[in-house]
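Residue numbers (our numbering), protein chains in the order written: chain A, 1 to 115; chain B, 1001 to 1114.
In short, the hints are calculated from the structure, not lab data.
Since this is a predicted model, take the numbers as computed values, not measurements.
Nothing false has been slipped in among the hints.
Below, a list of computed lysine-lysine pairs in the DSBU-like style, where the Cα atoms sit at most 35 Å apart:
| no. | chain 1 | residue 1 | chain 2 | residue 2 |
| --- | --- | --- | --- | --- |
| 1 | B | Lys1049 | A | Lys57 |
| 2 | B | Lys1049 | B | Lys1069 |
| 3 | B | Lys1069 | B | Lys1058 |
| 4 | B | Lys1058 | A | Lys9 |
| 5 | B | Lys1068 | B | Lys1106 |
| 6 | B | Lys1106 | A | Lys57 |
| 7 | B | Lys1068 | A | Lys57 |
| 8 | A | Lys9 | B | Lys1049 |
| 9 | B | Lys1068 | B | Lys1058 |
| 10 | B | Lys1069 | A | Lys57 |
| 11 | B | Lys1058 | A | Lys57 |
| 12 | B | Lys1106 | B | Lys1058 |
| 13 | A | Lys9 | B | Lys1106 |
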Amino acid sequence: DSGVTQTPKHLITATGQRVTLRCSPRSGDLSVYWYQQSLDQGLQFLIQYYNGEERAKGNILERFSAQQFPDLHSELNLSSLELGDSALYFCASSARQQTGGRGYTFGSGTRLTVV
Amino acid sequence: AQSVTQLGSHVSVSEGALVLLRCNYSSSVPPYLFWYVQYPNQGLQLLLKYTTGATLVKGINGFEAEFKKSETSFHLTKPSAHMSDAAEYFCAVIGTGANSKLTFGKGITLSVRP
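Same shape as in the complex, but just chain B (with noise of 0.2 Å):
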């Protein structure tokens, strides 16, 4: 079964910093790749995903990831973190097969310090 491992539970930055925030997964063959973020209190808002084609995705709110099939990663980052990224973030993943549903990491909490 697929799974992903988001290492760490909290990543601390300063604003404007750059914000990398690591997930790998577990697949024999490539999987579709997500990041989802939860604000507090609220739902969860898919940020960016990876299906097939261009290895650099881009997503809302300055983010984007890169998958890497070598590293088997999909590494999410911004290059300058405001106050408002603060939130907890879920990297996630969808196998091929059939009967494949949607895994999520533990998650990591995203501060951003003044």
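Just chain A, with the same shape it has in the complex (with noise of 0.2 Å):
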């Protein structure tokens, strides 16, 4: 256990429905980031937020956003789902807003299957 808890890990909806994707940081850790695992485009990063802020943007689209509430934990929300999201999306968390060579700790992942 890494300490990143993501929720849900299986999830399937269909073409132009909106997902939610849930993430808890490790305890202490005020940075979370999203990545994109697809075969075709290997792992992107999407987004970061510290502490409730948004630091950094990725390769993420419109149809995408995420927000870091006052307890830290993150969502993801993906909306106008297309197949071609179809993906697996980590989470991961590092204690500060810039982490260098100490990296970051990455949950274990949500399965989005869009049908």
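The task is to assemble the complex, starting from two chains supplied on their own in separate frames and drawing on the hints.
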């Protein structure tokens, strides 16, 4: 157990729908990162939050959004889902805004299947 | 921006054989380098990392990697493969810049033959 908790583990939904993925960071970590892992794109950084505020954006679609709440858990919202959004979505956390050599701790991921 | 290149997408070795997974980085200054492992249907687990200091880094499960600045490489090795090593391995990099994020290579699938 890495200490980063992601729910649900699996999600199957239809095209055009909206889903919310949840992440609880490791105790004491203030930064949360979201990554998307797909067969064709590999692991892509989506977005980072630090202590409730957005800090960096990567290859995140406009249909996707995220937020971090006062208790530091984070949610990734995916809307108007398309077949191509099917992927494994990882959350990671770190203690600080810039981790340098400390790296990130990853959760076990949410597998999203859009049908 | 920093990046890493992992050569090949699949490596197959016999049990007991040497494991060598290659990773080259692209950075104007030595970055922080990581190897993560992903077992089937699981998340990403940190194997080892290079920050500063000793260039030969030892990690979990008998893996080690050597940082070679002259070759811009950070190859992962294990002297003797076990069946349980079958997984996907990712090399990753964080630069030293203020806005640098963990960037992954494409990953290499390691198969271990009995």
